[in-house]
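Trainee: Listed here are the chains, written in short residue letters.
2 protein chains.
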Amino acid sequence: MNEMRPIRAKSGTNQEGTSAHNRRVMIDALRLNGQLSRADLARATKLTKQTVSNIIEDLEQDGLVVSLAAVRNGRGQPSTPYRLVPDGAFAIGLQIDRHVTRAIAVDLVGTVLVRAQANLPPGGPAHGAKVILDLIEHTRTELAGIADQAEKRLVGLGVAMPGPFGLAIDHDDPWMMAAWQNFPLLETLAAGTGLEVALQNDASACATAERMVGAAHGIDHAVCLYIGYGIGAGLILNGELYAGGNGNAGEIGMVLLPPSARRPAQASLEHRASLASLYQHLGADPAEPGLHERLNVLVNKDDPAVASWIDDAAEELRWGVQLIETIFDPQTVILCSSGPEILTRKLFEAIPPLLPSIADRPDRSAPRLQLGMTDPWSVALGAAAEPISRAFDPRFSAILKTRANAIG
Amino acid sequence: MNEMRPIRAKSGTNQEGTSAHNRRVMIDALRLNGQLSRADLARATKLTKQTVSNIIEDLEQDGLVVSLAAVRNGRGQPSTPYRLVPDGAFAIGLQIDRHVTRAIAVDLVGTVLVRAQANLPPGGPAHGAKVILDLIEHTRTELAGIADQAEKRLVGLGVAMPGPFGLAIDHDDPWMMAAWQNFPLLETLAAGTGLEVALQNDASACATAERMVGAAHGIDHAVCLYIGYGIGAGLILNGELYAGGNGNAGEIGMVLLPPSARRPAQASLEHRASLASLYQHLGADPAEPGLHERLNVLVNKDDPAVASWIDDAAEELRWGVQLIETIFDPQTVILCSSGPEILTRKLFEAIPPLLPSIADRPDRSAPRLQLGMTDPWSVALGAAAEPISRAFDPRFSAILKTRANAIG
DNA sequence: GAAATAAGTCAATGCAATTGACTTAATGAA
DNA sequence: TTCATTAAGTCAATTGCATTGACTTATTTC
Chain H
115 MNEMRPIRAK SGTNQEGTSA HNRRVMIDAL RLNGQLSRAD LARATKLTKQ TVSNIIEDLE
175 QDGLVVSLAA VRNGRGQPST PYRLVPDGAF AIGLQIDRHV TRAIAVDLVG TVLVRAQANL
235 PPGGPAHGAK VILDLIEHTR TELAGIADQA EKRLVGLGVA MPGPFGLAID HDDPWMMAAW
295 QNFPLLETLA AGTGLEVALQ NDASACATAE RMVGAAHGID HAVCLYIGYG IGAGLILNGE
355 LYAGGNGNAG EIGMVLLPPS ARRPAQASLE HRASLASLYQ HLGADPAEPG LHERLNVLVN
415 KDDPAVASWI DDAAEELRWG VQLIETIFDP QTVILCSSGP EILTRKLFEA IPPLLPSIAD
475 RPDRSAPRLQ LGMTDPWSVA LGAAAEPISR AFDPRFSAIL KTRANAIG
Chain Z
115 MNEMRPIRAK SGTNQEGTSA HNRRVMIDAL RLNGQLSRAD LARATKLTKQ TVSNIIEDLE
175 QDGLVVSLAA VRNGRGQPST PYRLVPDGAF AIGLQIDRHV TRAIAVDLVG TVLVRAQANL
235 PPGGPAHGAK VILDLIEHTR TELAGIADQA EKRLVGLGVA MPGPFGLAID HDDPWMMAAW
295 QNFPLLETLA AGTGLEVALQ NDASACATAE RMVGAAHGID HAVCLYIGYG IGAGLILNGE
355 LYAGGNGNAG EIGMVLLPPS ARRPAQASLE HRASLASLYQ HLGADPAEPG LHERLNVLVN
415 KDDPAVASWI DDAAEELRWG VQLIETIFDP QTVILCSSGP EILTRKLFEA IPPLLPSIAD
475 RPDRSAPRLQ LGMTDPWSVA LGAAAEPISR AFDPRFSAIL KTRANAIG
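The listed protein sequences correspond, in order, to chains H and Z.
Using the numbering used here, you'd call the opening residue of the first sequence number 115 and step up by one each time.
Using the numbering used here, you'd call the opening residue of the second sequence number 115 and step up by one each time.
Since the hints were derived computationally from the structure, they do not count as laboratory data.
Among these hints, one or two may not hold up.
[Unchecked claim] Derived BS3-like pairs: lysine-lysine, alpha-carbon spacing no greater than 27 Å straight-line: (1) Z:K244 to H:K515; (2) Z:K160 to H:K515; (3) Z:K460 to Z:K266; (4) Z:K460 to Z:K415; (5) Z:K515 to H:K163; (6) Z:K266 to H:K515; (7) H:K160 to Z:K515; (8) H:K460 to H:K415.
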């Protein structure tokens, strides 16, 4: 056939794909249920006992699962439960923010083993790249000191930074977030660390974290409403993170208010409910050292300026929640923030009553809105969770062949 | 283990799943590329020539593909292209609207073979159910007259009706759309037809149609902005229709306008840009016989009332497009409507200039907004396309085991 | 004509899940 | 105590689909 035009098609699969999927399903089941016997796994995955036995044996050999003491459950031979081995795999997560960068090392079950932080000098990647590589190196060394075989079991490096990605940019700030986007960051990090590198925006990272160890654990349809310097939504759809056609899905902060709102043209949600808007409201410089702590104090003592911002922001977010519910029909919405915990909590408390929406249904199980992780490190945690998820979670792409065979 | 608490886990897979997936990949590739040789398929799917040969032989035996005349392409043995056989499978689609119901029969490639329509009497399912079953029966009979083996190759019945689904409802209209929702429609239809039945809302159906034979053909991230009696968005995410946690994702018409808009509380997009709003604007009764044609005439002669509605609606939709782009980051947005073609076209022309959004990127290929199918039957077509898609498109769920084995 | 190139087939192999019988270890009833 | 019952888990053989490597066929190029 005409070799000129590219042929569009999905990949096929083979027994390797089958096997890979089944291994992932086992790991996923153990992650969700804590501990399960081989018989449990066989029932839950609809595979045969024998198949499960083989796979579990394999996973045990690979150091990913271990057996626990046998338990009697009535008649019949006692079962031997298995659970995940935390030290079975590790990943490093990197958060790049405006003036700070954080690195985290996690294990297979999402426990944080190392935290490290560094200030990013103004001037963008020209100066920042080395700081980041050093930070990763430092994290990696610390991890190697704590966990045996950590290097061998390192599955990748996840990176989170503010989006959106890939746009033509006409303005920039002293920290040059825009410059970071044009910088070949992934390539630099891959070359500098020798690890597989993947990028997501900070709201997605938050959602990834919530899915591994937080409120979205085991939930297939959840949206994280993330309030950072900007605002974004991290989307868990069909049990997987959804990034959109260009990795920018969920940039809810850039939604313009409707034309009839009689607002200054092109006002966006971000303008009234992000930390940036709070800093502006307070007349604070986002780069001010110790701002986070000062903010913490202000919120604690019920500073009126902060309180009035909370009222305004909560009103906007109330609408944002309704928007998310209406558009995504998730099982739950999770509020996350990189701000001080108390601020997030107060914001969370100020949002109700929620507006009527399709989420207001009689058969709900999860709450419409819940508080997510309030740790400012949760974005970095999500960054670290991504490689773990990519390596071990069941997903369509994992069954597909990635390369053709020698013979054809 | 404790049998009491249910174990959450995904299904495993086996060789059946592999084989099923690979068959679907072949069909998908032929659908997307028109015609391909076995060698083409092997390269595109990354499977071996032999595997492809076996599968194609199977598919040919099953009457799903046929070979065409061999073509010479330079050196080497000429290749034998294959294409899908339209008569390889059929499906029936049913659209239930307020006062009318439509049925369509399509073949494997989405060609419409039968159209049938009936008025729905007021009074909801009590009276309507029989009308619908008769309409389906009629469509089926006609199809059997046209296509050989149609009954044997009928893969299912797709149903489309206005959402949202599953809410507690406190008001209703004479056509009792709400009553339809509480009625065990799927069960009734499954029992009455003996077919597999699936339900989607009308915006989703439109997206399904656009994906099979329209502007979303071969595009993995697309959103249909559908203007019917209400407004909705049909979501194609990662190449599959996304329905949300409860089948209500994309109910964009129910998005409330932000609080700061100084509007009557709880105004929604639907109030100004749906056909319902147009009927109200014109003081027309939606149930008026021949309304569609009258509207057609009005639009054609540039009726000022219609024109002013178009202006208003276009302004709202301009915002709606920006909202969709910002939230889903699709490759393209497709405007669909169940109204008269000219109305849809005028609306489409009135929407630009589009608002700035993340979709406004330097590396675009598809237009940000395009006109979809303007046929009022496209919802019914989408309903019919769903069973075809479910039976033949590659998707994650298709590889998973659905039942455990005898032995275990 | 002969070499090169590509499509497609043949027969054997490989591999992961399946099958059915079997073993082990508990409970509960006689 | 004994023995049937129930359930977990193993063993060895089988199945079924993709793969492998050699081979055939048909065309172009030199």
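Trainee: Does the structure keep K460 of chain Z and K266 of chain Z at a Cα separation of 27 Å or less?
Mentor: Violated, because 43 Å separates the two Cα atoms, which is more than 27 Å.
Trainee: Given the hint that K160 of chain H pairs with K515 of chain Z, test it: the Cα-Cα distance must not exceed 27 Å.
Mentor: holds (7 Å)
Trainee: Does K415 of chain Z sit within 27 Å of K460 of chain Z, going by the straight-line distance between their CA atoms?
Mentor: Status holds; Cα separation ~12 Å.
Trainee: Measure nothing beyond the straight line between the CA atoms of K244 of chain Z and K515 of chain H; if it is 27 Å or shorter, mark the hint as holding.
Mentor: violated (49 Å)
Trainee: Starting from K160 of chain Z, check that the Cα of K515 of chain H is at most 27 Å away, please.
Mentor: holds (7 Å)
Trainee: Holds or violated: are the alpha carbons of K460 of chain H and K415 of chain H at most 27 Å from each other?
Mentor: With Cα atoms ~12 Å apart, K460 of chain H and K415 of chain H stay inside 27 Å; holds.
Trainee: Do the alpha carbons of K266 of chain Z and K515 of chain H lie within 27 Å of each other, as the hint requires?
Mentor: violated (34 Å)
Trainee: For K515 of chain Z and K163 of chain H, compute the direct alpha-carbon distance and say whether it is at most 27 Å.
Mentor: holds (15 Å)
When held up to the earlier numbered hints, the structure conflicts with 1, 3, 6 and fits the remainder.
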